[in-house]
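Fit chain P with the ligands to the supplied structure of chain G, relying on the hints for placement.
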Amino acid sequence: MARVPNWQLGREMTYPYEAAFPERQFAFVFNINRCIACQSCTMACKSTWTFSKGQEHMWWANVETKPYGGYPMFWDMKILELLEQANPEGPSWSGKLSDDRQGPYGQFDGRTIFEAERMLTPDSARVLGYLPTDEEWNSPNIYEDNPVGERGKFFEWHKTGEQLPVHKTWFFYLARICNHCTYPACLAACPRKAIYKRPEDGIVLIDQQECRGYRKCVEACPYKKSMYRGNTRISEKCVACYPRIEGRDPESQGKPTETRCMAACIGQIRMQGLVKLNRDGTWAEDRYNPLYYLVHVAKVALPLYPQFGTAPNGYYIPPRWVPRDYLRQMFGPGVDQAIERYENPDRELVAVLQLFRRSKFIIYRYEMKEGPKVYEGTLRGRRVSLYNDTVIAYGKDGEELFRTTVEEPIHVRPAIHANSI
Amino acid sequence: MNTATRSTFPNSKFAIRNSKSDGFCVEWDPRFVEEAVLRAVEARRVQGFRGERNRLYEIQDPEERDAAFREFHAVWFERLNLGGVIWRALQEQPLILANTRACIVAQARASRDEGAELFVSPAGEGVGEADRRSVGIRLGPQRLLDADHLLTFLRHEVLHIADMLDPTFGYEPRLPRAELGPAHERLLQDRYRVLWDTSIDGRLVRRNWAPPSVRDRHFHEFTKTFPMLGERLEEAFSHFFDATTLTHADLVSFASNPLAFLTSFSDPHFSNSTFEIRNSKSSADPRPPLHAGERCPLCGFPTHAFVPNPNRLPSEILARIRADFPAWTPSRGVCLQCADLYRSSPRSDAGAAFAPADSKR
Ligand code: SF4
Ligand code: SF4
Ligand code: SF4
Ligand SMILES: [Zn+2]
Ligand SMILES: [Zn+2]
Chain G
1 MARVPNWQLG
11 REMTYPYEAA
21 FPERQFAFVF
31 NINRCIACQS
41 CTMACKSTWT
51 FSKGQEHMWW
61 ANVETKPYGG
71 YPMFWDMKIL
81 ELLEQANPEG
91 PSWSGKLSDD
101 RQGPYGQFDG
111 RTIFEAERML
121 TPDSARVLGY
131 LPTDEEWNSP
141 NIYEDNPVGE
151 RGKFFEWHKT
161 GEQLPVHKTW
171 FFYLARICNH
181 CTYPACLAAC
191 PRKAIYKRPE
201 DGIVLIDQQE
211 CRGYRKCVEA
221 CPYKKSMYRG
231 NTRISEKCVA
241 CYPRIEGRDP
251 ESQGKPTETR
261 CMAACIGQIR
271 MQGLVKLNRD
281 GTWAEDRYNP
291 LYYLVHVAKV
301 ALPLYPQFGT
311 APNGYYIPPR
321 WVPRDYLRQM
331 FGPGVDQAIE
341 RYENPDRELV
351 AVLQLFRRSK
361 FIIYRYEMKE
371 GPKVYEGTLR
381 GRRVSLYNDT
391 VIAYGKDGEE
401 LFRTTVEEPI
411 HVRPAIHANS
421 I
Chain P
1 MNTATRSTFP
11 NSKFAIRNSK
21 SDGFCVEWDP
31 RFVEEAVLRA
41 VEARRVQGFR
51 GERNRLYEIQ
61 DPEERDAAFR
71 EFHAVWFERL
81 NLGGVIWRAL
91 QEQPLILANT
101 RACIVAQARA
111 SRDEGAELFV
121 SPAGEGVGEA
131 DRRSVGIRLG
141 PQRLLDADHL
151 LTFLRHEVLH
161 IADMLDPTFG
171 YEPRLPRAEL
181 GPAHERLLQD
191 RYRVLWDTSI
201 DGRLVRRNWA
211 PPSVRDRHFH
221 EFTKTFPMLG
231 ERLEEAFSHF
241 FDATTLTHAD
251 LVSFASNPLA
261 FLTSFSDPHF
271 SNSTFEIRNS
281 KSSADPRPPL
291 HAGERCPLCG
301 FPTHAFVPNP
311 NRLPSEILAR
321 IRADFPAWTP
331 SRGVCLQCAD
341 LYRSSPRSDA
351 GAAFAPADSK
361 R
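If you're matching them up, the sequences are chains G and P in order. Per my numbering, the first sequence starts with residue 1, numbered consecutively. Per my numbering, the second sequence starts with residue 1, numbered consecutively.
With the rest of the complex left out, here is chain G (with noise of 0.2 Å):
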């Protein structure tokens, strides 16, 4: 067991391999207050990489209503049980947000899935994990919309169950993809070493020439995103769409180009980029790569159940109606501050907000030219001045992909035929 340093619990910790790093990590940010869990990019991955015999549980992508949702069912409720029995102290953290790339978050003072040592059945095994059944991979939309009400009323929904700051009878959707985690447990897990983490783009393989079917990344994978496939009795995972993350992808046109779900994103939650990293696997200062800016700048975007230790690379602005208890458990100390700057976002958030899903191609920087003053006014009694700033986004060779402005353009019909386009 080697220590490695993991900069989303603000400290070391224990991993079977040596730690290394990706050039660029694959790295992605999903804005939850805006998915209607259309499914568009569960049907555009589906569509794309999952449609053949015996893939047919196969959801690479999804989108889960949470609290009861899940896909496969429960599966945070149980590996968190899990950890739960491993940390009989409670899983705590320390510290406090402080502007330390080491440490954003203060520390993590519990055991991982990695540090669970006295719980691992088979002692040989190497990571705290389950195996899901068949019957719980076979429902992936299982409570869809069944919102949480009041404690012990069961026959009304709270009367102002739905003002803010948080709502008394709520859920949301969870988009979900592969984190390409930073220590992926998939990979720590298997035994054959058939599991890999690309040097260029961070991207987690799994070799199917090397695969022999033992299941244990998809009993080791805390997200339960390693599926395993009976016909050819191989395990598939997510592949970050690579060739289209390489530029070669026919619609890529030789650029970096995001992945399916990402590019299909009704709701223009979503945002995928390659991060630039340092030595020790900590991002490297990049101000103007937006998803730098949104992770480490406006601090709105936190990984998924960090205390997982992986060191997951999808990043979430958390739903700012939910429950506070229910986000921190989810998305680590951060969550209170990142939704206070959500929802009083400063001039160059809202810009950076419009750069999701302009474009396909892969935004490796932006730079904002200020515009007018367009509104002024008082919002929850705090004044508040908007401006029609244009964002502009520049990809991989600095050329640039698009621009846009604050305020939408607005394109008045001539009324001669009330219903022609």
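Do not rely on the hints blindly, as some may be mistaken.
To be verified - Simulated coverage check for chain G against chain P, where a stretch passes if three residues somewhere in it have a Cβ under 8 Å from a Cβ of chain P:
id : stretch
1  : 131–139
2  : 225–233
To be verified - Some chain P residues well away from chain G (every beta-carbon gap over 10 Å; in silico):
id : residue
3  : VAL46
4  : ASN54
5  : TYR57
6  : ASN81
7  : LEU97
8  : GLY124
9  : VAL127
10 : ASP166
11 : PRO212
12 : ARG217
13 : GLU221
14 : CYS299
15 : THR303
What the hints contain is simulated information worked out from the structure, not anything from laboratory work. All C-beta atoms in this analysis are idealised placements derived from N, C-alpha and C, irrespective of residue type, glycine included.
Then chain P with the ligands, alone, in the frame of chain G:
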């Protein structure tokens, strides 16, 4: 174990057969075999298995490779004697060996799907009675790792099948139609199942095939199913748990009318009103709580879904119900559908206000 036939079993064309008994064979669903072997190998830390299995991945043709895997797992299934316990449970029931063609063992999707069923195909020319019947067993593959527990479970399940094949038991696949409709049919089914399970486990305990603690568990279930029997519960329970011979007809008649059955005992206690049938016109409150399968006092439909604490319904809803049913009190109970209807009535009134005038009445 249900009286009704459930889903079909995997096509036995793909099954691995092995025959150990004249004319009777067990067919194993390959998927179940493979899963069971993989789990057993891991739990028992069997050496040599993986190396041998890994070589099959090198077979290029997918069909050929698939067939090789099936064959390989079947061999190991046999070698590890994983099916032994199933064979044993079946062989303890000569009625099954003599009167059915085969037993098909397949994987259960979830633990609630585990159990045994009897399948009977339609009569055809030249096909004997026994050849038309087969037993289906569904199990989670991990069950084979704990042979002792599994044996107890299987003995219970196959005794259901043996009863079904036993002419003196007189099994009928359909329970009589309940005059009160589907909700009552389900009630009848539930009661029938409890009685049959009680009688089966009573027999298992007497053969030392099940631990004596089973009695308490069944008594608890019996109490919940027949609360109307009051202080006669223990006596009625013993009638089923300790009986040596019971027939399908005995179970059905008790399930259809537990009260009538008890009054047939010549016991002086029975003439009193403890067992008064509850749809009599008495309006005295408070009444005992409604049981699953009884009629909702508002809509009159038999239901299994009563509102658990009707007195905790919001007061506007209670008032609306009372406006329509002045004699009703929460202690008389209300079904979930009626409660929903009254909960939504303010909204339908509001909606009606917007309806065009000619649609209003
Ligand atoms: S396509 Fe976008 S909006 Fe639709 S479900 Fe997926 S993440 Fe949500
Ligand atoms: S999310 Fe799971 S499958 Fe994906 S890299 Fe992390 S551990 Fe592996
Ligand atoms: S990145 Fe590609 S392979 Fe992965 S979930 Fe999205 S569409 Fe599927
Ligand atoms: Zn039974
Ligand atoms: Zn009713």
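A quick look at each hint next to the structure:
1. Only residues whose C-beta sits within less than 8 Å of a C-beta in chain P count toward coverage, and the stretch 131–139 of chain G has 4 of them, enough to reach three; the restraint holds.
2. Residue count for the stretch 225–233 of chain G with a Cβ under 8 Å from a Cβ of chain P: 4. That meets the three needed, and the coverage hint holds.
3. For P:VAL46, the shortest C-beta to C-beta distance to chain G comes to about 13 Å, beyond the 10 Å cut-off, and the non-interface label holds.
4. The non-interface label for P:ASN54 is inconsistent with chain G: the shortest C-beta to C-beta separation is roughly 5 Å, within 10 Å.
5. Listed as outside the interface, P:TYR57 is inconsistent with that label: its C-beta sits roughly 6 Å from the nearest C-beta of chain G, within the 10 Å cut-off.
6. For P:ASN81, the non-interface assignment is confirmed: its Cβ lies about 22 Å from the closest Cβ of chain G, beyond the 10 Å cut-off.
7. With a least CB separation of 31 Å from chain G, P:LEU97 remains clear of the 10 Å interface cut-off, as annotated.
8. Every beta carbon of chain G lies more than 10 Å from that of P:GLY124, the smallest distance being close to 34 Å; the non-interface claim holds.
9. Every CB of chain G is more than 10 Å from the CB of P:VAL127 (nearest about 34 Å), matching its label as outside the interface.
10. At roughly 34 Å from the closest C-beta of chain G, the C-beta of P:ASP166 stays outside 10 Å, upholding its exclusion from the interface.
11. Residue-level check passed: P:PRO212 sits 32 Å from the nearest beta carbon of chain G, beyond 10 Å.
12. Listed as outside the interface, P:ARG217 is consistent with that label: its C-beta sits roughly 25 Å from the nearest C-beta of chain G, beyond the 10 Å cut-off.
13. At roughly 25 Å, the least C-beta separation between P:GLU221 and chain G is larger than 10 Å, which holds for a residue marked as non-interface.
14. Against the 10 Å criterion, P:CYS299 stays outside the reach of chain G, whose nearest CB is about 18 Å from its own CB.
15. Taking the minimum C-beta to C-beta distance to chain G, about 17 Å, the non-interface status of P:THR303 holds against the 10 Å cut.
Violated hints for the displayed structure, listed by number in ascending order: 4 and 5.
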